[in-house]
Each structure stands twice: as structure tokens, then as C-alpha cells.
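Chemist: Read off the chains here:
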Amino acid sequence: MNLLLHISSIPGRLWLWFFDRFIMYPLMKIVAPMLAVRFMNLGYWPSTSEDDRKLIKFMDDADDLEEYESDRSHIHLYEKAMSMHPKYPNFQDMEVLEVSCGQGYSLEWIERWHGPTKCLIGCDKVVTRNVNNIVYGNATDLPFADRSFDFVLNVEAAHLYSDFRKFVKEVSRVLRSGGTFCYVDVRYPHDAYLVNEIAESFGFILQHFEDCTEEVVEGLNYSARKYDDLLERAPFFVKLFKKSLRETYCAPGTDGYERLKSGQKMYVAASWMKH
Amino acid sequence: MKLFVHNFMSSRFLKNVTVGYPLELTVKQFEEKDIEFDRENTIVMLDKVQYEALLVAAAAVNQADRIPSEQPAKYDELSDDQLKQFHHILMNIDVVDGELICPETKTVFPIRDGIPNMLKVDAEK
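Just so you know, the sequences run in chain order A and B.
Here the first sequence stands for residues 1 to 275, numbered as in the numbering used here.
Here the second sequence stands for residues 1001 to 1125, numbered as in the numbering used here.
Any given hint could be a false lead.
Said to hold, decoys possible - Keeping only pairs whose Cα atoms sit at most 20 Å apart, straight-line, the calculated PhoX-like set for lysine-lysine is:
no., chain 1, residue 1, chain 2, residue 2
1, A, Lys169, B, Lys1015
2, B, Lys1120, A, Lys166
3, A, Lys87, A, Lys54
4, B, Lys1120, A, Lys125
5, A, Lys118, B, Lys1074
6, B, Lys1015, A, Lys166
7, B, Lys1033, B, Lys1106
8, B, Lys1028, B, Lys1106
9, B, Lys1074, B, Lys1084
10, B, Lys1120, A, Lys169
11, B, Lys1120, A, Lys118
12, A, Lys118, B, Lys1033
13, A, Lys118, B, Lys1015
As the list claims (entries may be wrong) - With the C-beta cut set under 8 Å, the calculated list includes, among others, these residues of chain A facing chain B:
no., residue
14, Ser47
15, Ile56
16, Lys57
17, Met59
18, Ala62
19, Asp93
20, Glu95
21, Trp113
22, Pro116
23, Asn133
24, Val135
25, Phe144
26, Ala145
In case anyone wonders, no lab produced these hints; they're calculated from the structure.
Note that the Cβ used here is the ideal one computed from N, Cα and C, for glycine as well.
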């Protein structure tokens, strides 16, 4: 029975794989500005745990967040990733690279609230708008010189890369010794812990590793309300992909949401220092 | 693309490329902005700049004469006027249209609308 269920789910999974890689990003290039979609991650809602204390304090202390209110859970995810950095929340005078920066709003957020950095560069395969210092580049072929950065940030993108090991090798190459790599992403539980094995094989020393699936599910509940509402107001050609888009942002009721909620998938937050 | 970004970029990811740095740069169009000068920030920024690459970038916009041909021993001993020249090249110049070229394979990476395309799949077409 399980085998039959597995086989019957294959076409749907193949479609979502195809949709994620070949339709969603070109579609978002057209749609994102129309719908004011700025961040493309599942979101995060901090818990009261010790791990999230710094993040909560930072968000409480930040003022003038009105324009970011609808993106709060997405920003929380960025803050979660960055809060694993030992210098958080102050990244002044650092040379920072975000691999897979999406539309680059995160770069503006980081520079405004954690800068001024010495340099902040974003790299993505798909660039949807011209923002300062974004480069078209592949995460597995980073177009940067060896030992160029103090801090590499990667938020919910690596599950789409063709070769995770090569990506980590590239991060290790472009980071200076003593530099920090902060990573958050969704994984299958059976391979979540391999992430650290791979990182260690490229000279990284683990600083933090956390299963934050529950906080991400809470974040999803928040962000899905916003996206469901936007979808209702979207043009017809976007609504054609409504089901797949809801699956992409893991709205409640979708398989993706249930997989996270039931523990079939987990959300990992980890950081390493380069030896 | 701000000119200082060139200082970080490399084509090392290409097959048979060992260093890929600094990338050659040709600029067809650039804009000059007026970003506020900050002495301390400029010194901090210059501290880790690869001077050889900075000279390549400055020459590409015909402004190499703004900065010394040899790397200054100590940036914090430079005058404000001298540092403003570095600040101008690093921060005020946005390359809108041009090309980055691998120094070893001569693979061309276009810069269009201010965004360099460093995707291997596009460069190898």
C-alpha cells in the first residue's frame, strides 16, 4: 500500500520539482513587483527559547518597521540565520556574501539594520531587479576570489542546488579563515545531519545546529495568510498556478506543510566557522 | 555594478582556470554617483582591497590617474583629498554596460543593466 502511495505521488513530485526550477522564478520575475512579494522563504516565528532571545531583542529594539510588517516572518528567518553569527547583530566593517539573495531585499535589510557593512554582495541565478551589488552566479560556481569574505549567508535555497557538497566547498573557498557560514534550509531528517559532515569535510567547525521546524511551521501560518490573500487578488495567469504556488510556500493543507508538521521534513539552522 | 565589486570577482570556477583574478574589465557605459565620503570607512575598505585589481578597474573607466600606481604603504597617512579619489573609484562609479573577461581563458561575462552575468552556462554558449 505504501509503495502504491509512493508511486502515485511521483508525477506530482516531478511537477513540483519542474515548477520550482523552471516556472516559479520566471513567474516571480513578472509577478513579484505586482504583488509586492519581497522575500521568498517559508518564514519563522521565534520561540521563547534561549536560542531566539537575541533575535527577539533585536526585533523589539528595531523601530520604524511598519513597511516590513507584512514580511515579518520572512525577516525573522533572516534574523534567525544571522543570529547564529558571533557578532550578531552588528556586521559593520565585514565583507558579506549572500548566496541566493533572491530579489535582493534582504541585502537592503541587512545593510540598513546590521550595517554599514564594509561590503555586501548578493549572488543569484535569477536576478529580478537591479539592486546594487547583485551578481548573476551559480551557488556551485561562486564567481568570487578565494578568501574574499568574512561572512557567507545562505537562506532556504540550498535544497534547490544541483550539488550541495560543491556549494559548501565553494563557500569554504571564498571565506577567510575565521569567517562564519550561516545556513538555514529545509531537509529530510535522514540527511539533515549529513550537512554537518559535509561542512566539516571542507574545514568548517560547527558552531550551532538546531532543528527549528516548529518555529518555521509557526512562521508558515503567518506568511501563508498573506500569500493566500495576495493570490486571491493576482492576475489570472498567476491563479493558473495557484495550487503549485501554495505548495511552494507550503500553505496549510498542502503536502509540503504537512510534511514539515509531521516531521517527514525538518528545518535546519546551522552555523560554522572556517578553520 | 559598483566598481569595488570587481575587486571580489574571479573566474576560478571555470574549467582549467587556476586563479582567474583579477578579471579584465571593459566598460562601455558607467554612471558617476555622489556617495558621501567617510574617511574611516574608506580606510577600512581599502585595507583589504587587492591593489592590482583596483588599478585594473580604475583604468577601465579611464580614471587610473586618480590613484597612485603603487599601493600606498599606509592608507591612514593619506590626506582626505587622496582618500576621496579612492572613495570615488570604489563607491561612486556604477558600471552599467561592459564586460568582464577571464584573464586565463578569455571567456567573456557581460555586464548588462548594471548586473554582471557570471553564469558558466551562459558564458559557454
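Chemist: So, for every hint listed, does it hold in this structure?
Modeler: Verification of the supplied hints:
no., hint, result
1, A:Lys169 to B:Lys1015, "16 Å, holds"
2, B:Lys1120 to A:Lys166, "15 Å, holds"
3, A:Lys87 to A:Lys54, "11 Å, holds"
4, B:Lys1120 to A:Lys125, "10 Å, holds"
5, A:Lys118 to B:Lys1074, "18 Å, holds"
6, B:Lys1015 to A:Lys166, "14 Å, holds"
7, B:Lys1033 to B:Lys1106, "30 Å, violated"
8, B:Lys1028 to B:Lys1106, "18 Å, holds"
9, B:Lys1074 to B:Lys1084, "15 Å, holds"
10, B:Lys1120 to A:Lys169, "17 Å, holds"
11, B:Lys1120 to A:Lys118, "28 Å, violated"
12, A:Lys118 to B:Lys1033, "18 Å, holds"
13, A:Lys118 to B:Lys1015, "31 Å, violated"
14, Ser47, "37 Å, violated"
15, Ile56, "30 Å, violated"
16, Lys57, "27 Å, violated"
17, Met59, "27 Å, violated"
18, Ala62, "22 Å, violated"
19, Asp93, "5 Å, holds"
20, Glu95, "7 Å, holds"
21, Trp113, "18 Å, violated"
22, Pro116, "7 Å, holds"
23, Asn133, "6 Å, holds"
24, Val135, "5 Å, holds"
25, Phe144, "5 Å, holds"
26, Ala145, "4 Å, holds"
Checked against the numbered hints above, the structure violates hints 7, 11, 13, 14, 15, 16, 17, 18 and 21; every other hint is satisfied.
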